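**Student:** Below are the chains, spelled out letter by letter.
Number of protein chains: 4
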Amino acid sequence: MTAKLKVTVWNEFRHEQHNEKVRSVYPGGIHAAIGEGLAGTADVAYATLDQDEEHGLSESRLAETDVLIWWGHMAHGDVKDEIVERVKRRVLQGMGLIVLHSGHFSKIFKTLMGTSCDLKWREADEKERLWVVSPGHPIAEGIGEYIELPQEEMYGEHFDIPQPDELVFVSWFEGGEVFRSGCTFHRGQGKIFYFRPGHETYPTYYNEQVRTVIRNAVKWAAPTRRDYPTYGNHKPLEAIGNKA
Amino acid sequence: MTAKLKVTVWNEFRHEQHNEKVRSVYPGGIHAAIGEGLAGTADVAYATLDQDEEHGLSESRLAETDVLIWWGHMAHGDVKDEIVERVKRRVLQGMGLIVLHSGHFSKIFKTLMGTSCDLKWREADEKERLWVVSPGHPIAEGIGEYIELPQEEMYGEHFDIPQPDELVFVSWFEGGEVFRSGCTFHRGQGKIFYFRPGHETYPTYYNEQVRTVIRNAVKWAAPTRRDYPTYGNHKPLEAIGNKA
Amino acid sequence: MTAKLKVTVWNEFRHEQHNEKVRSVYPGGIHAAIGEGLAGTADVAYATLDQDEEHGLSESRLAETDVLIWWGHMAHGDVKDEIVERVKRRVLQGMGLIVLHSGHFSKIFKTLMGTSCDLKWREADEKERLWVVSPGHPIAEGIGEYIELPQEEMYGEHFDIPQPDELVFVSWFEGGEVFRSGCTFHRGQGKIFYFRPGHETYPTYYNEQVRTVIRNAVKWAAPTRRDYPTYGNHKPLEAIGNKA
Amino acid sequence: MTAKLKVTVWNEFRHEQHNEKVRSVYPGGIHAAIGEGLAGTADVAYATLDQDEEHGLSESRLAETDVLIWWGHMAHGDVKDEIVERVKRRVLQGMGLIVLHSGHFSKIFKTLMGTSCDLKWREADEKERLWVVSPGHPIAEGIGEYIELPQEEMYGEHFDIPQPDELVFVSWFEGGEVFRSGCTFHRGQGKIFYFRPGHETYPTYYNEQVRTVIRNAVKWAAPTRRDYPTYGNHKPLEAIGNKA
Numbered sequence: 001m002t003a004k005l006k007v008t009v010w011n012e013f014r015h016e017q018h019n020e021k022v023r024s025v026y027p028g029g030i031h032a033a034i035g036e037g038l039a040g041t042a043d044v045a046y047a048t049l050d051q052d053e054e055h056g057l058s059e060s061r062l063a064e065t066d067v068l069i070w071w072g073h074m075a076h077g078d079v080k081d082e083i084v085e086r087v088k089r090r091v092l093q094g095m096g097l098i099v100l101h102s103g104h105f106s107k108i109f110k111t112l113m114g115t116s117c118d119l120k121w122r123e124a125d126e127k128e129r130l131w132v133v134s135p136g137h138p139i140a141e142g143i144g145e146y147i148e149l150p151q152e153e154m155y156g157e158h159f160d161i162p163q164p165d166e167l168v169f170v171s172w173f174e175g176g177e178v179f180r181s182g183c184t185f186h187r188g189q190g191k192i193f194y195f196r197p198g199h200e201t202y203p204t205y206y207n208e209q210v211r212t213v214i215r216n217a218v219k220w221a222a223p224t225r226r227d228y229p230t231y232g233n234h235k236p237l238e239a240i241g242n243k244a
Numbered sequence: 001m002t003a004k005l006k007v008t009v010w011n012e013f014r015h016e017q018h019n020e021k022v023r024s025v026y027p028g029g030i031h032a033a034i035g036e037g038l039a040g041t042a043d044v045a046y047a048t049l050d051q052d053e054e055h056g057l058s059e060s061r062l063a064e065t066d067v068l069i070w071w072g073h074m075a076h077g078d079v080k081d082e083i084v085e086r087v088k089r090r091v092l093q094g095m096g097l098i099v100l101h102s103g104h105f106s107k108i109f110k111t112l113m114g115t116s117c118d119l120k121w122r123e124a125d126e127k128e129r130l131w132v133v134s135p136g137h138p139i140a141e142g143i144g145e146y147i148e149l150p151q152e153e154m155y156g157e158h159f160d161i162p163q164p165d166e167l168v169f170v171s172w173f174e175g176g177e178v179f180r181s182g183c184t185f186h187r188g189q190g191k192i193f194y195f196r197p198g199h200e201t202y203p204t205y206y207n208e209q210v211r212t213v214i215r216n217a218v219k220w221a222a223p224t225r226r227d228y229p230t231y232g233n234h235k236p237l238e239a240i241g242n243k244a
Numbered sequence: 001m002t003a004k005l006k007v008t009v010w011n012e013f014r015h016e017q018h019n020e021k022v023r024s025v026y027p028g029g030i031h032a033a034i035g036e037g038l039a040g041t042a043d044v045a046y047a048t049l050d051q052d053e054e055h056g057l058s059e060s061r062l063a064e065t066d067v068l069i070w071w072g073h074m075a076h077g078d079v080k081d082e083i084v085e086r087v088k089r090r091v092l093q094g095m096g097l098i099v100l101h102s103g104h105f106s107k108i109f110k111t112l113m114g115t116s117c118d119l120k121w122r123e124a125d126e127k128e129r130l131w132v133v134s135p136g137h138p139i140a141e142g143i144g145e146y147i148e149l150p151q152e153e154m155y156g157e158h159f160d161i162p163q164p165d166e167l168v169f170v171s172w173f174e175g176g177e178v179f180r181s182g183c184t185f186h187r188g189q190g191k192i193f194y195f196r197p198g199h200e201t202y203p204t205y206y207n208e209q210v211r212t213v214i215r216n217a218v219k220w221a222a223p224t225r226r227d228y229p230t231y232g233n234h235k236p237l238e239a240i241g242n243k244a
Numbered sequence: 001m002t003a004k005l006k007v008t009v010w011n012e013f014r015h016e017q018h019n020e021k022v023r024s025v026y027p028g029g030i031h032a033a034i035g036e037g038l039a040g041t042a043d044v045a046y047a048t049l050d051q052d053e054e055h056g057l058s059e060s061r062l063a064e065t066d067v068l069i070w071w072g073h074m075a076h077g078d079v080k081d082e083i084v085e086r087v088k089r090r091v092l093q094g095m096g097l098i099v100l101h102s103g104h105f106s107k108i109f110k111t112l113m114g115t116s117c118d119l120k121w122r123e124a125d126e127k128e129r130l131w132v133v134s135p136g137h138p139i140a141e142g143i144g145e146y147i148e149l150p151q152e153e154m155y156g157e158h159f160d161i162p163q164p165d166e167l168v169f170v171s172w173f174e175g176g177e178v179f180r181s182g183c184t185f186h187r188g189q190g191k192i193f194y195f196r197p198g199h200e201t202y203p204t205y206y207n208e209q210v211r212t213v214i215r216n217a218v219k220w221a222a223p224t225r226r227d228y229p230t231y232g233n234h235k236p237l238e239a240i241g242n243k244a
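Residue numbers (the numbering used here), protein chains in the order written: chain V, 1 to 244; chain S, 1 to 244; chain W, 1 to 244; chain P, 1 to 244.
Just so you know, these hints were derived from the structure itself, not from any lab. Treat the hints loosely; a few may be bogus.
To be verified - Subject to a maximum C-alpha distance of 20 Å in a straight line, what follows is the list of computed SDA-like cross-link-like pairs (lysine to any residue):
id, chain 1, residue 1, chain 2, residue 2
1, S, 110, P, 160
2, P, 127, W, 175
3, V, 110, W, 186
4, W, 110, V, 160
5, V, 6, V, 60
6, W, 107, V, 231
7, V, 80, V, 50
8, P, 110, S, 224
9, V, 107, W, 231
10, V, 110, W, 94
11, S, 4, S, 233
12, P, 219, V, 239
13, P, 4, V, 3
14, W, 21, W, 207
15, P, 107, S, 81
16, V, 235, P, 76
17, P, 6, P, 77
18, V, 219, P, 226
19, S, 80, S, 48
20, W, 127, V, 239
21, W, 127, V, 219
22, S, 219, W, 226
23, P, 107, S, 224
Stated by the list, open to error - Label pairs and their in silico Cβ distance ranges:
id, chain 1, residue 1, chain 2, residue 2, range
24, S, 93, W, 231, 39 to 45 Å
25, P, 36, V, 142, 32 to 38 Å
26, V, 233, W, 21, 27 to 33 Å
27, W, 208, V, 144, 41 to 47 Å
28, V, 150, W, 225, 40 to 46 Å
29, V, 231, W, 60, 34 to 40 Å
30, W, 51, V, 142, 26 to 32 Å
31, V, 93, P, 85, 42 to 48 Å
32, V, 142, W, 231, 56 to 62 Å
Bear in mind that the values here come from a model prediction, so they are computed numbers and not experimental data. Glycine is no exception: its CB is placed at the ideal position from the N, C-alpha and C atoms.
Use the sequences and the hints to build the structure in full.
**Tutor:** Structural data, given as structure tokens:
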């Protein structure tokens, strides 16, 4: 626990280059704002879709990553299947994964969930209030009864995910919808947290409470140190055929 | 499955006698409105707090009950502990239990949950919208994407219950809160469904969708027919001490 | 509930043709033995891997299927990806799916789980005892405290699946292992039950208790009748921008 | 995270005084052996049933306790109800609770679970093997695929508890039974871990792997630092009655 966690923040990083409004909110890219919130908690590295042929997610980079944070939106289809498989393998082996906002439709999240991950959405500058429904969960540490975001994109139920292992936040939206906005899942030896807020045109990742949640989630998703299970043919541990 | 389910609707039945407004909404008592919604689905019996020394919940009545529905509010403290223990025993043995609205604070619900079952509340004639978050759950059969109630009491998170085994509905309230309003739990061999709506001054139990949910819940909570497990000292099924 | 459920039993049907021992146990194929156990409960159809170019799983066949039962083992790789996608789509839309034994490694189960679905295994003619751990679950109806199978293949933990929504059976094996052998999952609007026993060289699917479990599972997995949720852009249900 | 966790180990401490065999295994009491295993991880205090009128669990002692460990067996009935209520209140407020072995029948565990907590048992010096079924859970950190205890009391299913939030260990017993032997639960703001092994006549609490599990569980159950939720009447956060 003494060594700092190694976090890689992955960002598609396309909106920021093509859209003036997004660039004005996140001049260094969404990843930089997310990483800034982790200063002091983790050793942060960055990777982006167009960085190299592997989207910055080489085997060695992933091998050195305790927790991977994923933000993507308009270019999910450009992420190579082999890289998705590589990330999935690492999650099953124990790497933590935090999927943010529109990452709900990323290949990596959909393949780990096994469902469509579809939802309702609307861009209407409306208020979101994320209520804590699991007050003892470590991801809610330091958070009040709710987080209020003055303007966000709406995501509404039904959210087509498996039943979360733990439901930490439920969102209220001004326009009349609700959403399971903080959800944990376990896949293999890895831990996954989906956290809803963070549309590219709002300064959500500068919000101190949102940053606290992501910091908490990084700690929660840290790998459990133990050998990976053995699978396949297994010799008996007890004699077979001894009868009472 | 051919024999009709036997349902007992238990109602505190105090508000209706002391409050003109409540009586005008539920002239026959809340229990009558609930039971009316089950016509054709179940053989319905009624029991009320002041009915006799056992609140209408004799051993024989409970023995003949497949599913018990519970509505109480102002007189939770008047329910005798021995009757609560009796109901609990029957639930653990397999009787279904549907707890409605202010029944969240009943002795029977609190003892089965192990928590305070506390929540936020407000009476402000506000709109509630119950969203289906488990679309494949049998309790949601025949229900659209949400149920809208024009006026209800607000219940807000945090709702101090154990994590539900399945979360079927989440409520949106006009005043800014959310609530886990349809929750399943298993205790012993019995199934429990908590369903939020039903403040005594609103005609909620005449609403067709609310009635459909309660009908579905009765079917879902029906006892599983099998022998009660055996507990206590148990002889080995295999020889002990044979070594490989 | 009055109309019989429509069940399609899908079997790889290769072992029975290439292996004398398997054929002697299941002369009509494993699917016939499974279907026989459903007589009176469901309208049963059959489909097999080599039946036609679609493995007997045409769009129309699936559209007429309430619950699909899946047995496969040596030829998982021969199941076409497009057929797997088709089955998955139907599950998300509400078709029940019961995956048996070696089906744990089928493409359809792995894609719905999002994990490797790997496990330990051994063929040693050893005893299995499946203990009921959810005594109120409808899949355990009519089952005693455990099902004992005198000879079965061993499957041992760790079983690399997501945490089941409900754990119904846990197996004890003579050689020293345990296994979560009856597990439910929800994906989209569909219900999934994984049930462990059924190695091709043992007469497991003639066992009356095993047949009872599969019958119960068919009823449990029956589709919930309701419209499929709508997804995508959604107009507000409430005015946005009204302030208190 | 820098300050050491404050752990109170509560032990009934009766067997050790009345039974020579138990005393020979645990000359300082079971609590001392448990506390020894936490050296370096936590600041450990002890409390026992006959210590004073409050069983060593005064308000101030509990207020200073982050995680309470509970071992009891023959004298569950001697624990005063008011002390049980006090401990429960502290758990709901966030104190962690680790219930060991025969503590399954303690008043505090039963009231937090809401079920009978009954099980099958047998004292036959038999082998227990606890398999890890949640390989990514922090309570399994540093643990191999299973923990083998050469001699233990048997506990068998059905174990009458609510479905655990997470199932970490499942036990295999030589005599033919299985048991959910490592289970997590959340109640209010508190976290609870039930861990099966530890009959008073075996040196289980000197076992290094058992000690690792308890150390991990202490860290996992540590209180989440945040304000306790507010309950009761709640003013609206949004205007009510504004219509679209």
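**Student:** Determine for every hint whether it applies to the structure shown.
**Tutor:** Verification of the supplied hints:
1. S:110 to P:160: 18 Å, holds
2. P:127 to W:175: 13 Å, holds
3. V:110 to W:186: Holds - the C-alpha atoms of residue 186 (chain W) and residue 110 (chain V) are around 15 Å apart, at most 20 Å.
4. W:110 to V:160: Given pair residue 110 (chain W), residue 160 (chain V) holds - Cα atoms ~18 Å apart, limit 20 Å.
5. V:6 to V:60: Satisfied, since the Cα-Cα distance of roughly 13 Å is no more than 20 Å.
6. W:107 to V:231: Satisfied, since the Cα-Cα distance of roughly 18 Å is no more than 20 Å.
7. V:80 to V:50: Judged against 20 Å, a Cα distance of about 11 Å means the pair holds.
8. P:110 to S:224: Cα-Cα ~24 Å, so violated.
9. V:107 to W:231: Measuring from Cα to Cα gives roughly 18 Å; hence the hint holds.
10. V:110 to W:94: Cα-Cα ~18 Å, so holds.
11. S:4 to S:233: 38 Å, violated
12. P:219 to V:239: 38 Å, violated
13. P:4 to V:3: This hinted pair holds, its Cα atoms lying about 17 Å apart.
14. W:21 to W:207: Between residue 21 (chain W) and residue 207 (chain W) the Cα gap is close to 18 Å, so the pair holds against 20 Å.
15. P:107 to S:81: 17 Å, holds
16. V:235 to P:76: 43 Å, violated
17. P:6 to P:77: Violated. Residue 6 (chain P) to residue 77 (chain P) sits at ~27 Å, over the 20 Å cutoff.
18. V:219 to P:226: Cα-Cα ~16 Å, so holds.
19. S:80 to S:48: 13 Å, holds
20. W:127 to V:239: Holds, at about 11 Å.
21. W:127 to V:219: Between residue 127 (chain W) and residue 219 (chain V) the Cα gap is close to 43 Å, so the pair fails against 20 Å, i.e. violated.
22. S:219 to W:226: 16 Å, holds
23. P:107 to S:224: 28 Å, violated
24. S:93 to W:231: 39 to 45 Å: 42 Å, holds
25. P:36 to V:142: 32 to 38 Å: 34 Å, holds
26. V:233 to W:21: 27 to 33 Å: 20 Å, violated
27. W:208 to V:144: 41 to 47 Å: 57 Å, violated
28. V:150 to W:225: 40 to 46 Å: Holds, since residue 150 (chain V) and residue 225 (chain W) (Cβ atoms, about 41 Å apart) stay within the stated range.
29. V:231 to W:60: 34 to 40 Å: 38 Å, holds
30. W:51 to V:142: 26 to 32 Å: 59 Å, violated
31. V:93 to P:85: 42 to 48 Å: Holds: the Cβ-Cβ distance is about 45 Å, inside 42 to 48 Å.
32. V:142 to W:231: 56 to 62 Å: 34 Å, violated
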